[in-house]
Amino acid sequence: MTDLSHPNPNSARPGDAADRFPKDCWYVAARSVEVGRALLKRTIACENLVLYRTEGGKAVAMIDMCPHRHAPLSLGKLVGDSIECGYHGITFDCEGRCVRVPGEERIPDHFRTKVYPLVEKWSFIWVWLGDPARADEALLPQDFRFQDDPEWCPMDDYIHVKANYRLVIDNLLDLSHEAFLHMGTIGNAAVADTPAVTTIKGDNIEVKRFMENCAPPKLFVRAGGFTTNIDRHQRIQFVPSSFVIIEVWATPTGKEEKGVIWWVLNALTPETERSTHYFWGLPRKFKLDDTELTDILRAGVTRTFREDCDMLEGQQRNIDRVPLEQRTIYTRSDQAPTRARSIIADMVEREAAAAGVRP
Amino acid sequence: MTDLSHPNPNSARPGDAADRFPKDCWYVAARSVEVGRALLKRTIACENLVLYRTEGGKAVAMIDMCPHRHAPLSLGKLVGDSIECGYHGITFDCEGRCVRVPGEERIPDHFRTKVYPLVEKWSFIWVWLGDPARADEALLPQDFRFQDDPEWCPMDDYIHVKANYRLVIDNLLDLSHEAFLHMGTIGNAAVADTPAVTTIKGDNIEVKRFMENCAPPKLFVRAGGFTTNIDRHQRIQFVPSSFVIIEVWATPTGKEEKGVIWWVLNALTPETERSTHYFWGLPRKFKLDDTELTDILRAGVTRTFREDCDMLEGQQRNIDRVPLEQRTIYTRSDQAPTRARSIIADMVEREAAAAGVRP
Amino acid sequence: MTDLSHPNPNSARPGDAADRFPKDCWYVAARSVEVGRALLKRTIACENLVLYRTEGGKAVAMIDMCPHRHAPLSLGKLVGDSIECGYHGITFDCEGRCVRVPGEERIPDHFRTKVYPLVEKWSFIWVWLGDPARADEALLPQDFRFQDDPEWCPMDDYIHVKANYRLVIDNLLDLSHEAFLHMGTIGNAAVADTPAVTTIKGDNIEVKRFMENCAPPKLFVRAGGFTTNIDRHQRIQFVPSSFVIIEVWATPTGKEEKGVIWWVLNALTPETERSTHYFWGLPRKFKLDDTELTDILRAGVTRTFREDCDMLEGQQRNIDRVPLEQRTIYTRSDQAPTRARSIIADMVEREAAAAGVRP
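Residue numbers (the numbering used here), protein chains in the order written: chain R, 1 to 359; chain W, 1 to 359; chain C, 1 to 359.
In isolation and in its complexed conformation, chain R is listed as follows (with noise of 0.2 Å):
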């Protein structure tokens, strides 16, 4: 446990240097039901998206601001895989390229607007908002594969929250909040007293938490019907910039009888320096068709979000408020927070130093 001064690596504050946010890497945009030949806009790291799909049913994103005179595209239409702006009928297809402005018969090439890198996988719109050359789909976090694993029963969601998204993942990589805040879902006393063990090997962060015989809390009874103690098991993982990636799995303690086996995949998605489109995943490995069970771990993960959100932004309100010199006390949980911070804000910094500003 250290006592440390500024600065302040819990700042969310606009105008510090961890406000900016990192480019050259895969945020969600969307859960893949969202987008569909509806134009939906979307705010991503400050940047205004409009998202939809062709007619073929690949899914697009495009800057929502059409260069002429800056009006949403999102008030505009499709016109076939093409929007057309809403205000004068500048037109630009899928890639970005303009393809009608009323009045005019010639068209520069160099007209174009910015359509951004976009993988669908998983249940989920994936884009890249910085060099396009960098895009690389392996770059994905691998872990929300389970989602389209026959095997697992997948499952997604989304929170929105009030709350810069590294106050989330802060909230992520240090689970022992669950013994306080969510001692009605998925908490139980030995997430707190149960120290966890944190490796950090360059920029992978990885925390686990092994917890025997300890009180199934009431969403583990509910989803594995258990009676009597559990042994319980977290592994948890940060992926620069946005995801951190929880292994769960829970069996009545001594015995060989399977129990509760899921993955929650987070994507944490900065909307703004103050708001995070929060999007998650629950694929899980038992009990795969029971739907009323997918009701009651949505309606429990939906609950356990709902606290965090009241916490995060309570947070971010104080945070807004006082003065940084307030001083901030740092136990050995948040080892893993910390470094997380760290990394995001190096990422942030590399992609400044190479764009040739200051960061």
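Everything labelled a hint here was simulated from the structure, so no lab data went into it. Incorrect hints may appear among the rest.
[Unchecked claim] Stretch-level coverage of chain W by chain C, calculated; a stretch enters the list once three of its residues show a Cβ under 8 Å from a Cβ in chain C: (1) 60–72; (2) 81–88; (3) 103–114.
The model shown is predicted, which means the values in this text are computed figures rather than measured ones. Yeah, the Cβ is synthetic: ideal placement off N, Cα and C, and Gly gets one too.
Starting from the structure of chain R, add chains W and C where the hints point.
Just chains W and C now, with coordinates in the frame of chain R:
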């Protein structure tokens, strides 16, 4: 069609030179029908005004702030032709002279509050925010006179827009957008397909578009009873700093018979950097006594301007958020709006220079 | 009556020196009845506090921010006399000592959170935001004692004002406004017509007004049952930095019989630069057991202060918008408010100088 980089004349961000407002000019402050013996508060170009009528019916515009303690005079009451501040009872007559300070016997001559030069004409109240010595009734946009002409049927109304007034001026100087945004009322494809002829002489901007043998827009059909194609004519003038005047006529193609003749008189009064009082008149020279038509036109124009609002407010939100290095594509239709912005910027600069302050 | 130009002591704009708050002084943080075993969050002078009572009934004020991760402690829960943070369970006793960090065995002595000096007296909770060594109960405004005097009937209540607290102090130090704003309750013409006598000695400000043979205000009639004119007396004191104490009595003119005797105890606690916690007491020395009268007075005073709110919030909006070069007219009645502002500004400056920072 040109592709300009900075400085971006679309900018409506605070802090830009373009954000200050010309003051040595007439602005419409209210419709005549709005002003009576109740105190009406209204913000114009970031100045707070209070408007009322004397017992004799003369309209008065005063700063809405008691010079004593900054209380809004609009929270006070009329005592004859004077306003008594609702806080401490200090009273100002309709020429701004302080006529009572409760508890004080002598009132120095220089205790005054600001009263604005005001003209009531053509259904509107016009005020002059700048140097009263320059306020000249001859500078009013004379084409508003049709509101008072017995050969014309007047109409006027108001809509509030949460966008900078220059975006509204842009809108009106490039009516090609009618073909995309207003197909339910005044738009037809011809507006976008027919090139306009723009004539710029000093501060005079005129845009003319003659559309032969085109489909009549829906509102024209309802107003003019057209059963065939029409010849449609638009003549748009920018009158600095905040007026756009549009002469419109339409007749059945190839026939002598009368059709639609109206003017759209637009007074775009800045409220703040991000909001506009949009006053409009629509005097027409046909079916003068048809009150049902008056209702149809009012509803049609209101719908049309609401469609504009959605787009303008979307533009404003984009401009507020998007880095200005975003390049703007200009089309041939942008000649007039771009020139109008320059004229306004020049007015601000000239006034600043005359006042000896840095623009 | 003087006509001063800048600097404008009416200013309540952020960034002005005048916007900072004295901290070495008592502020009312709450009414006693508000504080119990539920955690009460309250912002005072831009600091976030949480208030509660120990099991023994002692009131406690703590900073509403866990020093670990800035979570609001008010989202946690009481465990005996301590607060357990609702996020990670870190626990602080009522003296601010950290007594538990889940997962850690040793807690260094210097892990503490801020607890504010607090006095509970006269129906209110008083806190000291500044240097605890200077917190001295003798500095409380002693005239609040009538709230506890058996010969008096106490009453207290609260109203929230969206305006700077100095505007509320201005309001109370110049009661001539009662003749304009409060004619439905405590105003009569005499308050504006009768000059007040202002006495300033150092930081002591006293304003006295004796109104002979005047019409009784409506609330006085309901309280005192007056059927004739009255003699009315006001003695107003400013007690730095946030108290205005008003002694009031009224008797039927020329009669010996008792009438109305009350004090209006005003504690104007700044919440932010633009909002005030307005705590008030109204101990009276007549009809002590008349609970119906208590209800009438509470309703009358609440109505009166709401009338003030409308005006104060209008002032604040004007001050936020209007260029400060706007000159202010001062009247004779402004002597006391102007002096009170200077006293507050001096307190801030002295504290800044003592802290070695630029004011």
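Each hint tested on the structure:
Here's how the stretch 60–72 of chain W fares: 8 of its residues keep a CB closer than 8 Å to some CB of chain C, so the rule of at least three is met and the hint holds. A stretch counts as covered by a chain when three or more of its residues have a beta carbon under 8 Å from one of that chain; for the stretch 81–88 of chain W and chain C the count is 5, and the coverage holds. Counting residues of the stretch 103–114 of chain W whose beta-carbon sits less than 8 Å from any beta-carbon of chain C gives 7, enough to reach three: the coverage restraint holds.
Hint compliance for this structure: no hint is broken.
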